[in-house]
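All chains, please: the whole structure from these sequences, using the hints.
Residue strings, one per chain:
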Amino acid sequence: MLFIQSLISGILTGGVYALAGIGMSLVFGVMNISNFAHGDLMMLGMYLAYYAFTLLHIDPYLSLVMIIPVSFLFGFLLEKVFISRVIDHPHQNQILLTIGLGLIMSNTALLAFTSDPKILTTSYSSSAINTAGGLSISIPLLLSFLITILITTILYLFLLKSSTGMALRATSQNREAAQLMGINVAKMSAIAFGIGTALAATAGALIAPTYYIHPLAGHSFLLKSFTICVLGGLGSVVGAGVGGLIIGVVESMASTYISTDWKDVIVFVLFLAVLLLRPQGLFGKNGGQ
Amino acid sequence: MIEPLLKISHVNKHFGGNIAVSDVSFAVEEQQIFGLIGPNGAGKTTLFNCITGFYPVTSGDVIFDNRKINNLRPDAVCRLGMARTWQRVKPLSSLSVLENVMIGAFSITRSLTEAREKAQEQLTQVGLSDYATQLAGSLSIGLKKKLELARVLATKPKMLLLDEICGGLNHTETDTLLQIIRDVRKQGTTIVFIEHDMKAVTSICDHIVVLNSGVKLAEGTPAEITRNQEVIAAYLGGGYHA
Amino acid sequence: MKQLIIVALLAALAAAIPSLLGENPYIIGLLISVLMMAALSSAWNIIGGFAGQYSFGHAAYFGAGAYTTMILISSWNVNPLAGMVAGIAIAAVIALITGSIVFGLRGHYFALASIAVAEIIRLSVLNFEFTGGAQGILLANVTLWGLDLNSKDPFYYGMLLLLVVTLAVTIWLRKSKTGYYLQAIREDQDAASSLGINLARYKNRSLLLSAALTSVAGSLYSVYIRFIDTSAVLDLRLSIEIILTAIIGGVGTLWGPVLGAILLVPLAEMLRSNVIGDSLVKLGIVSETSALGVFLSENLAHAHVLVYGIITVLCILYMPKGILGLFRRIK
Numbered sequence: 001m002l003f004i005q006s007l008i009s010g011i012l013t014g015g016v017y018a019l020a021g022i023g024m025s026l027v028f029g030v031m032n033i034s035n036f037a038h039g040d041l042m043m044l045g046m047y048l049a050y051y052a053f054t055l056l057h058i059d060p061y062l063s064l065v066m067i068i069p070v071s072f073l074f075g076f077l078l079e080k081v082f083i084s085r086v087i088d089h090p091h092q093n094q095i096l097l098t099i100g101l102g103l104i105m106s107n108t109a110l111l112a113f114t115s116d117p118k119i120l121t122t123s124y125s126s127s128a129i130n131t132a133g134g135l136s137i138s139i140p141l142l143l144s145f146l147i148t149i150l151i152t153t154i155l156y157l158f159l160l161k162s163s164t165g166m167a168l169r170a171t172s173q174n175r176e177a178a179q180l181m182g183i184n185v186a187k188m189s190a191i192a193f194g195i196g197t198a199l200a201a202t203a204g205a206l207i208a209p210t211y212y213i214h215p216l217a218g219h220s221f222l223l224k225s226f227t228i229c230v231l232g233g234l235g236s237v238v239g240a241g242v243g244g245l246i247i248g249v250v251e252s253m254a255s256t257y258i259s260t261d262w263k264d265v266i267v268f269v270l271f272l273a274v275l276l277l278r279p280q281g282l283f284g285k286n287g288g289q
Numbered sequence: 001m002i003e004p005l006l007k008i009s010h011v012n013k014h015f016g017g018n019i020a021v022s023d024v025s026f027a028v029e030e031q032q033i034f035g036l037i038g039p040n041g042a043g044k045t046t047l048f049n050c051i052t053g054f055y056p057v058t059s060g061d062v063i064f065d066n067r068k069i070n071n072l073r074p075d076a077v078c079r080l081g082m083a084r085t086w087q088r089v090k091p092l093s094s095l096s097v098l099e100n101v102m103i104g105a106f107s108i109t110r111s112l113t114e115a116r117e118k119a120q121e122q123l124t125q126v127g128l129s130d131y132a133t134q135l136a137g138s139l140s141i142g143l144k145k146k147l148e149l150a151r152v153l154a155t156k157p158k159m160l161l162l163d164e165i166c167g168g169l170n171h172t173e174t175d176t177l178l179q180i181i182r183d184v185r186k187q188g189t190t191i192v193f194i195e196h197d198m199k200a201v202t203s204i205c206d207h208i209v210v211l212n213s214g215v216k217l218a219e220g221t222p223a224e225i226t227r228n229q230e231v232i233a234a235y236l237g238g239g240y241h242a
Numbered sequence: 001m002k003q004l005i006i007v008a009l010l011a012a013l014a015a016a017i018p019s020l021l022g023e024n025p026y027i028i029g030l031l032i033s034v035l036m037m038a039a040l041s042s043a044w045n046i047i048g049g050f051a052g053q054y055s056f057g058h059a060a061y062f063g064a065g066a067y068t069t070m071i072l073i074s075s076w077n078v079n080p081l082a083g084m085v086a087g088i089a090i091a092a093v094i095a096l097i098t099g100s101i102v103f104g105l106r107g108h109y110f111a112l113a114s115i116a117v118a119e120i121i122r123l124s125v126l127n128f129e130f131t132g133g134a135q136g137i138l139l140a141n142v143t144l145w146g147l148d149l150n151s152k153d154p155f156y157y158g159m160l161l162l163l164v165v166t167l168a169v170t171i172w173l174r175k176s177k178t179g180y181y182l183q184a185i186r187e188d189q190d191a192a193s194s195l196g197i198n199l200a201r202y203k204n205r206s207l208l209l210s211a212a213l214t215s216v217a218g219s220l221y222s223v224y225i226r227f228i229d230t231s232a233v234l235d236l237r238l239s240i241e242i243i244l245t246a247i248i249g250g251v252g253t254l255w256g257p258v259l260g261a262i263l264l265v266p267l268a269e270m271l272r273s274n275v276i277g278d279s280l281v282k283l284g285i286v287s288e289t290s291a292l293g294v295f296l297s298e299n300l301a302h303a304h305v306l307v308y309g310i311i312t313v314l315c316i317l318y319m320p321k322g323i324l325g326l327f328r329r330i331k
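Chain order of the listed sequences is C, F and A. Residue 161 in this note's numbering sits at position 161 of the first sequence, with consecutive numbering throughout. Residue 127 in this note's numbering sits at position 127 of the second sequence, with consecutive numbering throughout. Residue 112 in this note's numbering sits at position 112 of the third sequence, with consecutive numbering throughout.
Since the hints were derived computationally from the structure, they do not count as laboratory data. Where a beta carbon is used, it is the ideal one built from N, C-alpha and C, also for glycine. Check the hints yourself; a few may be wrong.
Unchecked claim - Listed below are the simulated DSBU-like cross-link pairs for lysine-lysine, each with C-alpha atoms no more than 30 Å apart in a straight line:
{"hint": "1", "chain 1": "F", "residue 1": "K144", "chain 2": "F", "residue 2": "K199"}
{"hint": "2", "chain 1": "F", "residue 1": "K158", "chain 2": "F", "residue 2": "K144"}
{"hint": "3", "chain 1": "F", "residue 1": "K186", "chain 2": "F", "residue 2": "K68"}
{"hint": "4", "chain 1": "F", "residue 1": "K156", "chain 2": "A", "residue 2": "K177"}
{"hint": "5", "chain 1": "A", "residue 1": "K321", "chain 2": "F", "residue 2": "K144"}
{"hint": "6", "chain 1": "F", "residue 1": "K158", "chain 2": "F", "residue 2": "K199"}
{"hint": "7", "chain 1": "A", "residue 1": "K321", "chain 2": "C", "residue 2": "K80"}
{"hint": "8", "chain 1": "F", "residue 1": "K156", "chain 2": "F", "residue 2": "K199"}
{"hint": "9", "chain 1": "A", "residue 1": "K2", "chain 2": "A", "residue 2": "K177"}
{"hint": "10", "chain 1": "A", "residue 1": "K177", "chain 2": "A", "residue 2": "K321"}
{"hint": "11", "chain 1": "F", "residue 1": "K68", "chain 2": "F", "residue 2": "K158"}
{"hint": "12", "chain 1": "F", "residue 1": "K156", "chain 2": "F", "residue 2": "K144"}
{"hint": "13", "chain 1": "F", "residue 1": "K68", "chain 2": "F", "residue 2": "K7"}
{"hint": "14", "chain 1": "A", "residue 1": "K2", "chain 2": "A", "residue 2": "K321"}
{"hint": "15", "chain 1": "F", "residue 1": "K156", "chain 2": "F", "residue 2": "K68"}
{"hint": "16", "chain 1": "A", "residue 1": "K321", "chain 2": "C", "residue 2": "K187"}
{"hint": "17", "chain 1": "F", "residue 1": "K7", "chain 2": "F", "residue 2": "K156"}
{"hint": "18", "chain 1": "C", "residue 1": "K161", "chain 2": "C", "residue 2": "K187"}
{"hint": "19", "chain 1": "C", "residue 1": "K80", "chain 2": "C", "residue 2": "K187"}
{"hint": "20", "chain 1": "F", "residue 1": "K158", "chain 2": "A", "residue 2": "K175"}
{"hint": "21", "chain 1": "A", "residue 1": "K175", "chain 2": "F", "residue 2": "K156"}
{"hint": "22", "chain 1": "C", "residue 1": "K118", "chain 2": "C", "residue 2": "K263"}
{"hint": "23", "chain 1": "F", "residue 1": "K144", "chain 2": "A", "residue 2": "K177"}
{"hint": "24", "chain 1": "C", "residue 1": "K80", "chain 2": "C", "residue 2": "K161"}
{"hint": "25", "chain 1": "F", "residue 1": "K158", "chain 2": "F", "residue 2": "K7"}
{"hint": "26", "chain 1": "F", "residue 1": "K144", "chain 2": "A", "residue 2": "K175"}
{"hint": "27", "chain 1": "F", "residue 1": "K158", "chain 2": "A", "residue 2": "K177"}
Stated by the list, open to error - Not the full set, but computed from the structure, chain C residues with beta-carbon under 10 Å of chain A:
{"hint": "28", "residue": "S34"}
{"hint": "29", "residue": "W262"}
{"hint": "30", "residue": "V269"}
This is the structure in structure tokens:
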């Protein structure tokens with residue numbers, strides 16, 4: 001029973017992780033950049049949801065309608081103004097740039113919102129469905145999961161069917177070839193980064209009702225998102241989705257059977273294990289040597 | 001009967017569903033100048049990468065100096081005496097020309113002074129002495145190719161694999177390079193050439209293998225190859241005119 | 001050789017400073033911080049600037065030195081120097097483990113793995129009893145051969161010596177086969193491999209060297225401050241600060257990290273102690289009671305990380321080779 005409970009919580013949380021992971025994977029695939037500001041983008045989503053709720057009284061899940069386009073635009077502009085300038089630079093410089101941007105975001109948030117953790121409590125924050133078998137399914141988690149499925153499906157269809165989506169996939173597979181075929185790869189980069197940011201912010205907003213919201217909250221999600229991407233295979237959107245669910249479950253099981261103190265350590269050890277044993281991940285296109 | 005220095009035996013290389021090299025076999029004798037030619041995408045560079053340890057072969061054997069070298073790392077292959085150049089030159093850009101060649105020389109010595117001496121000798125042989133202190137990244141493409149040659153020669157290889165070393169060069173540059181290569185062979189090194197420039201290939205090679213779409217199409221002397229109908233057809237009629 | 005002489009001269013000058021300064025613990029303390037950051041960045045430069053492998057988790061080695069030394073002294077009364085050697089051993093093990101996992105792989109993996117290793121260590125230290133958990137470790141008393149360890153001077157000289165050793169190692173590397181091989185790896189790994197360079201072996205060597213020097217700094221720091229916890233010695237921010245210091249000065253150069261430390265450490269200190277805010281008020285530029293004045297006095301002290309972020313972005317965009325890189329080619 002405990003096992004199934006743990007499994008279910010893990011899958012539900014894993015869905016949100018998957019969203020963050022997919023965002024990062026998309027950026028990695030199209031731009032070949034590790035975005036170290038990803039966690040801070042999630043944090044911004046958390047605060048957007050928080051203030052939409054406390055100032056405008058909009059339910060966090062409904063505020064997604066506003067958060068998604070706003071964060072997409074933010075990411076798009078971020079890419080155009082900053083990231084695009086280092087697209088051909090050595091990757092360590094790209095990483096440092098995104099770290100710098102992340103530091104600016106988190107510390108501006110610290111100055112603006114102070115380090116007091118905020119809590120977003122909706123009327124149903126602690127509600128749960130209690131099944132006959134004794135399982136308790138948290139309503140916020142369930143709603144997040146369902147929304148994640150909806151967004152992932154839309155994204156999947158977009159990538160598969162729309163012309164922009166196909167252009168994105170082409171750029172991801174081979175940037176040079178895509179350029180030769182007439183695809184505006186610079187625009188693709190900006191779009192990919194915009195989508196990645198929107199997904200990160202969405203994940204943040206979805207998680208906001210169940211986490212402490214504070215300016216440094218994004219950092220623990222950063223390495224987790226990388227773990228998900230590497231596990232799924234850098235650049236593979238499907239892989240990141242699967243990876244997210246796996247990490248969610250691993251974390252949940254670790255919390256239940258070992259302790260919550262060690263759950264992050266276990267995830268990071270898993271990360272190193274993947275690098276050691278199967279660096280190309282589950283669905284990877286790029287690999288180690 | 002002397003064993004060939006390099007023996008490629010039924011080598012296959014697949015990338016997932018893509019068959020890049022299919023059942024290729026040939027042998028290179030000591031001190032030969034051996035040509036590996038074929039249209040673009042024929043699998044020549046892939047074969048080079050398999051031979052020198054950058055790709056693992058899917059199946060087949062690579063035997064160098066009587067030793068199976070299939071799964072060795074590239075640096076181990078180099079230390080056994082097989083060195084290669086790159087189709088797209090790889091100068092160590094932030095280092096000087098002399099330092100580039102010194103790094104090659106370090107594979108046979110630990111001493112700084114000895115490496116510097118050997119490097120200077122190598123630069124003189126290819127005619128780059130005047131550029132010794134210049135940054136490698138600042139050279140023209142022709143000089144970069146010469147630098148790459150000097151660098152691998154500094155490793156004192158038994159066999160040299162040259163991947164399109166004449167690519168992007170004009171006639172004078174090509175002729176100079178070919179003369180250097182003839183001298184290198186006289187000094188005892190075996191040479192394997194990937195090349196597109198048919199004039200260069202036929203003028204310098206003792207023996208040629210032609211690849212097309214990963215398969216060995218033909219093998220023989222330059223005269224035999226240039227008369228071979230299949231080879232001419234593979235080069236799409238715009239190939240070599242005798 | 002010439003550079004070694006310059007290092008020796010500057011070191012001699014630096015060694016004279018405490019006596020010239022007399023009783024000024026604040027300045028000495030600041031200089032110790034500068035020397036330490038210079039040493040840390042120079043040590044990082046060996047793997048980051050030379051070999052081109054950016055470790056984003058170097059705090060792991062600093063923390064290894066600090067925690068090993070502290071635990072051995074406080075629990076078993078071990079001589080601090082022995083504690084330092086033990087710290088080096090632990091750091092070496094961490095370096096070997098990290099290297100063996102990633103140095104066979106290409107691309108971004110080393111950066112990510114180095115962070116993962118550092119975080120695993122930080123979280124583990126937080127969770128264990130014998131490492132003090134979240135409380136950290138406090139050292140009541142420590143002695144070494146009759147030296148007065150309550151004064152700052154021994155630590156000034158200790159950090160200075162470490163910096164000199166690190167610079168000397170860097171100078172030696174540039175003129176050795178190992179150093180040349182590392183630079184080849186940095187420039188083009190495939191080319192390096194094809195020239196007979198065993199990539200993993202040389203990357204491991206440079207990481208070991210870098211880790212050992214970094215851990216010595218950690219050991220010195222722990223005995224100097226007499227209190228450590230994970231946020232002081234194992235934090236990601238420290239790792240980033242080390243890299244930033246090297247980048248601003250000029251990554252891959254001999255003096256770049258030192259220059260970076262000389263610029264950034266006092267800047268951070270001025271922000272932290274609100275010197276800048278106070279001077280703006282004194283100069284009359286900002287009125288003390290205005291909204292901006294109040295905001296500055298309350299917040300500028302916390303803003304030094306924000307300033308770091310801005311400097312990082314500006315540096316990468318406009319000055320990626322650092323200040324020294326503007327003046328001469330990377331060597």
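Practice problem: Given the hint that K68(F) pairs with K7(F), test it: the Cα-Cα distance must not exceed 30 Å. | Solution: holds (9 Å)
Quiz item: Going straight from one Cα to the other, do K156(F) and K144(F) come out at no more than 30 Å?
Solution: Given that 30 Å is the threshold and the Cα spacing comes to 19 Å, the pair holds.
Quiz item: Are the Cα positions of K80(C) and K187(C) separated by 30 Å at most?
Solution: holds (9 Å)
Self-check item: Given pair status - K177(A), K144(F), alpha carbons within 30 Å
Solution: holds (23 Å)
Quiz prompt | Satisfaction of the W262(C) interface hint, Cβ to chain A closer than 10 Å | solution = The hint holds - W262(C) has a Cβ within 10 Å of chain A, the shortest such distance being about 6 Å.
Quiz item: Under the criterion of a CB-CB separation shorter than 10 Å, is V269(C) in contact with chain A as hinted?
Solution: It holds, given that the least Cβ distance between V269(C) and chain A is near 6 Å, below 10 Å.
Quiz item: Taking 30 Å as the top limit, are the C-alpha atoms of K144(F) and K175(A) close enough?
Solution: holds (24 Å)
Self-check item: K156(F) paired with K68(F) [C-alpha distance capped at 30 Å]
Solution: Status holds; Cα separation ~21 Å.
Quiz prompt | Pair hint outcome, K144(F) versus K199(F) [Cα-Cα no greater than 30 Å] | solution = holds (22 Å)
Exercise. Please work out if K156(F) and K199(F) have their alpha carbons no farther apart than 30 Å.
Key: holds (28 Å)
Quiz prompt | Agreement of K2(A) and K177(A) with the hint, judged by alpha carbon distance not exceeding 30 Å | solution = Satisfied, since the Cα-Cα distance of roughly 19 Å is no more than 30 Å.
Quiz item: Is the hinted pair K158(F) and K175(A) satisfied, with a Cα-Cα distance of at most 30 Å?
Solution: holds (28 Å)
Consistency note: the structure conflicts with none of the earlier hints.
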